[in-house]
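A.B. asks: Residues per chain are reported as follows:
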Amino acid sequence: MSPLLPQTVLDRLHAALPQARVELVNNPSPSGQHALLVHREDAVQVAEFLKNDPELLLDYASDVSGVDYPEYLEAVYHLFSIAKKHGPIVLKTRTGDRGADASVPSLTRVWKSADFQEREAFDLFGIRFEGHPDLRRLLMWEEFEDFPLRKDYVAPNDCEYEPTPHGDIVQKAAAASASPVPQA
Amino acid sequence: MSASSSNFFSGTADAGALEVSLGPHHPSTHGVFRMNVRMEGETVVKLQPVFGYLHRNHEKIAEKNSWLAAMPYTDRLDYICSGTNNWAYAVAVEKLAGIEVPERAEYLRVIVGEMTRLQNHTAFLGFILGDMGAWGSALMYAFREREKILDLFEELTGARMMLNYARFGGVRCDTPAGWLDKARAYLATYPAFLDEMEQFLTGNEILLSRLQGVGVLSAQRAINGGLSGPVLRASGVDYDIRKVDGYSIYPRLKFRVPRGEVGDCFDRFMLRLLEARESLKILQQALDQIPEGPVVNPAVKQRGFKPPAGEAYGRIEGPKGELGFHLVSNGTEKPYRYHVRPPSLINLTLLEEMCLGTKIADVMVILGSIDIVLGEVDR
Amino acid sequence: MNNLWAEPGNSRLVASAKSIQTDWLMTDDALKQELKQRGIIVASFEDILDWGYNWGRKNSLWPLQFGLACCAIEMIAAAAARFDIARFGAEVFRPSPRQADLMIIAGTVTKKMAPLVVRLYNQMPEPKYVLAMGACAISGGPFKEGYNVLKGIDRYIPVDVYVPGCPPRPEALLEGLITLQKKIAGQRLFGKDLPRHANPEAPAEYPVPAYGPHDLVPPSNPGVFCPPTPSRAE
Chain A
1 MSPLLPQTVL
11 DRLHAALPQA
21 RVELVNNPSP
31 SGQHALLVHR
41 EDAVQVAEFL
51 KNDPELLLDY
61 ASDVSGVDYP
71 EYLEAVYHLF
81 SIAKKHGPIV
91 LKTRTGDRGA
101 DASVPSLTRV
111 WKSADFQERE
121 AFDLFGIRFE
131 GHPDLRRLLM
141 WEEFEDFPLR
151 KDYVAPNDCE
161 YEPTPHGDIV
171 QKAAAASASP
181 VPQA
Chain B
1 MSASSSNFFS
11 GTADAGALEV
21 SLGPHHPSTH
31 GVFRMNVRME
41 GETVVKLQPV
51 FGYLHRNHEK
61 IAEKNSWLAA
71 MPYTDRLDYI
81 CSGTNNWAYA
91 VAVEKLAGIE
101 VPERAEYLRV
111 IVGEMTRLQN
121 HTAFLGFILG
131 DMGAWGSALM
141 YAFREREKIL
151 DLFEELTGAR
161 MMLNYARFGG
171 VRCDTPAGWL
181 DKARAYLATY
191 PAFLDEMEQF
201 LTGNEILLSR
211 LQGVGVLSAQ
221 RAINGGLSGP
231 VLRASGVDYD
241 IRKVDGYSIY
251 PRLKFRVPRG
261 EVGDCFDRFM
271 LRLLEARESL
281 KILQQALDQI
291 PEGPVVNPAV
301 KQRGFKPPAG
311 EAYGRIEGPK
321 GELGFHLVSN
331 GTEKPYRYHV
341 RPPSLINLTL
351 LEEMCLGTKI
361 ADVMVILGSI
371 DIVLGEVDR
Chain C
1 MNNLWAEPGN
11 SRLVASAKSI
21 QTDWLMTDDA
31 LKQELKQRGI
41 IVASFEDILD
51 WGYNWGRKNS
61 LWPLQFGLAC
71 CAIEMIAAAA
81 ARFDIARFGA
91 EVFRPSPRQA
101 DLMIIAGTVT
111 KKMAPLVVRL
121 YNQMPEPKYV
131 LAMGACAISG
141 GPFKEGYNVL
151 KGIDRYIPVD
161 VYVPGCPPRP
171 EALLEGLITL
181 QKKIAGQRLF
191 GKDLPRHANP
201 EAPAEYPVPA
211 YGPHDLVPPS
221 NPGVFCPPTP
231 SRAE
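Keeping their order, the protein sequence lines are chains A, B and C.
Residue numbers for the first sequence follow my numbering, so the first one is 1 and each next one is one higher.
Residue numbers for the second sequence follow my numbering, so the first one is 1 and each next one is one higher.
Residue numbers for the third sequence follow my numbering, so the first one is 1 and each next one is one higher.
Hints were generated in silico from the structure; no laboratory data involved.
Treat the hints loosely; a few may be bogus.
[To be verified] Pairs of lysine-lysine, DSBU-like flavour, derived with a Cα cap of 35 Å:
1) 92/A with 281/B
2) 64/B with 301/B
3) 85/A with 334/B
4) 128/C with 151/A
5) 32/C with 183/C
6) 151/A with 64/B
7) 151/A with 254/B
8) 144/C with 32/C
9) 301/B with 243/B
10) 144/C with 64/B
11) 92/A with 148/B
12) 306/B with 64/B
13) 281/B with 243/B
14) 243/B with 92/A
15) 306/B with 32/C
16) 192/C with 144/C
17) 144/C with 128/C
18) 151/A with 92/A
19) 306/B with 151/A
20) 46/B with 92/A
21) 301/B with 92/A
22) 183/C with 148/B
23) 85/A with 281/B
24) 151/A with 148/B
Starting from the given sequences, assemble the full structure and let the hints guide the process.
C.D. replies: Below, the structure is given as structure tokens:
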């Protein structure tokens, strides 16, 4: 597998689409999978370019996931190329906020594989993917109103019977959930 | 069912269209999968999968608990192949934290992983025959063989199905005395089973007419739909993560990657038989070459494991396809984000496309040929 | 009444219908014992009816072919060649609830699935039994923390046998089946302490919960689910 660096991709992107707002997000982990953060208004254009550019040919959007940050929600795409056998290139888009403006453009029209995964992110995070052909809840039922994978989601308290005393465990869990957010 | 107003889809149906809900309780949906199907006569004109009947909140639970605590939950993702699920999660965490894995552990992972693939494909043979109406007999043969592999797993890890075997930077325990010889002895008998199954099945006229030309998928569509694993390769795409990523010790092992030509159900069926034979080759080499040494990196603190902040995507070639984990760490004892890339779910993306225009009875065969497990589809 | 045919060579059977005044014989345990030692077994007509009816039912339980999750694979393994549930007469897995006697809840019941499980249960004809297989079906098991996981199917329908394990081995399922057979063998058609299916007071159907905006509505059926109150040592 020939390594494809995000910087190379970024350079090609800037050369071909100078007006597109794309920046490199450093990943401090030893994985070294630095991400390309695309402004949501340019996301479809950038995605089309990444898929069709003869040097990149990122034709395989393997994984789509949502991440909940305190200020915004993020949709993360892991792109590979089956033709060139390289990847992953991490593509990120961010919503404006976590409420009324929680939308990013859907990339399902570029990569069909994003279809169910974007629906899943919509279901569990409440990220609205504008332009998705069939944006409905994927896993929970239609009448469900919450977004359970958000950090502030409170699950219904239906564990009536708990025979073991576990107050200290609950306290520990509460302390740990107040832990810091990763620097993005 | 309805003739004029649509029960399941928005809008109204044509007069004469019939709508049925297949599942979630259906003998051939491999669990609690549901499809809303609209038919004209017996021909499928629309199909919508409905998910979530086994949505067990794996990701939320993993984010509430420690890094290691997610390991036994990965067993229950694709509950037929727990060995590879553990491995994929360990690979992702090792990428995230930059952990080295000792040589012997890599070999043990490959051995368990390929045995998992063998028993998955064995069970697949039984299930797809069930989907074609041969309920019982083929499954009995397949499960008889699968039990023998489960016995080896049990001796190695203590559990038949939920192995919980991988650890960050290695595996949980070394082999018991004589286990490798037992494994070798068992694997020597396995080709006879495959030969027997091929003799019974591959030339069978009913099987050929049920599988050939059904659910054809082109390579280009398969790539765009994100399909992976045997389903992708059956459409003629040469993409095996064991070769492409070259993770673990796979670059050292000699094996071929089978590919289909037509991309129909028969190709997917045959591909698994061929893959099982390649797995046997891998296993024989791994069992012969396995070195002595530690089975887990002693520098890694499993309990209270704290990877550095950052994120990583790690993937392996599971028996069902590309099984990946997207992990985001904030440097604490708990994952900030834990996401599974489930091959079973994404392989269903093009289910409607494959089923349109076929008869309703073929829908089950096409679904069977994709080989899904609901624990992974819904998580 | 399993010892009905205990001594086939020399035992004689005294069957008595209600119309004959034999109450003194039926209630005198010392006399029964003495007669038994002489090879005479005393049984009422109801006893024989119970015994025959239960013997037939317990040895041909037809389970619903209904797998939910991981445990379903072990259920299939129990039905397959090595463990062979046919030895206990329960190999006829019926795809339709209308033909099944036994519902093996094999796996995690999610909140999305729970209404369907209850509906399937309601569709089964009496007498019917429920075997909760695995930790998830019993209590939510390892997934108890989940927002979409029902913390035990006994919140909505009565469960007869619980088989713990994650997943239980096929042997454990067989043990559960034998336990259920014993339970069936002890059930009476007449008199007091009738089982649910013979009791006209017992509900014939259980209400199906609805999907709510945050949870199932209601979260449990109070007529079925009576959890013990926790008592904690100080």
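A.B. asks: Confirm or reject each hint.
C.D. replies: Verification of the hints:
no.: 1; hint: 92/A with 281/B; in the structure: 40 Å, violated
no.: 2; hint: 64/B with 301/B; in the structure: 19 Å, holds
no.: 3; hint: 85/A with 334/B; in the structure: 33 Å, holds
no.: 4; hint: 128/C with 151/A; in the structure: 43 Å, violated
no.: 5; hint: 32/C with 183/C; in the structure: 25 Å, holds
no.: 6; hint: 151/A with 64/B; in the structure: 10 Å, holds
no.: 7; hint: 151/A with 254/B; in the structure: 46 Å, violated
no.: 8; hint: 144/C with 32/C; in the structure: 52 Å, violated
no.: 9; hint: 301/B with 243/B; in the structure: 31 Å, holds
no.: 10; hint: 144/C with 64/B; in the structure: 12 Å, holds
no.: 11; hint: 92/A with 148/B; in the structure: 46 Å, violated
no.: 12; hint: 306/B with 64/B; in the structure: 14 Å, holds
no.: 13; hint: 281/B with 243/B; in the structure: 15 Å, holds
no.: 14; hint: 243/B with 92/A; in the structure: 27 Å, holds
no.: 15; hint: 306/B with 32/C; in the structure: 73 Å, violated
no.: 16; hint: 192/C with 144/C; in the structure: 38 Å, violated
no.: 17; hint: 144/C with 128/C; in the structure: 27 Å, holds
no.: 18; hint: 151/A with 92/A; in the structure: 19 Å, holds
no.: 19; hint: 306/B with 151/A; in the structure: 20 Å, holds
no.: 20; hint: 46/B with 92/A; in the structure: 33 Å, holds
no.: 21; hint: 301/B with 92/A; in the structure: 32 Å, holds
no.: 22; hint: 183/C with 148/B; in the structure: 34 Å, holds
no.: 23; hint: 85/A with 281/B; in the structure: 25 Å, holds
no.: 24; hint: 151/A with 148/B; in the structure: 44 Å, violated
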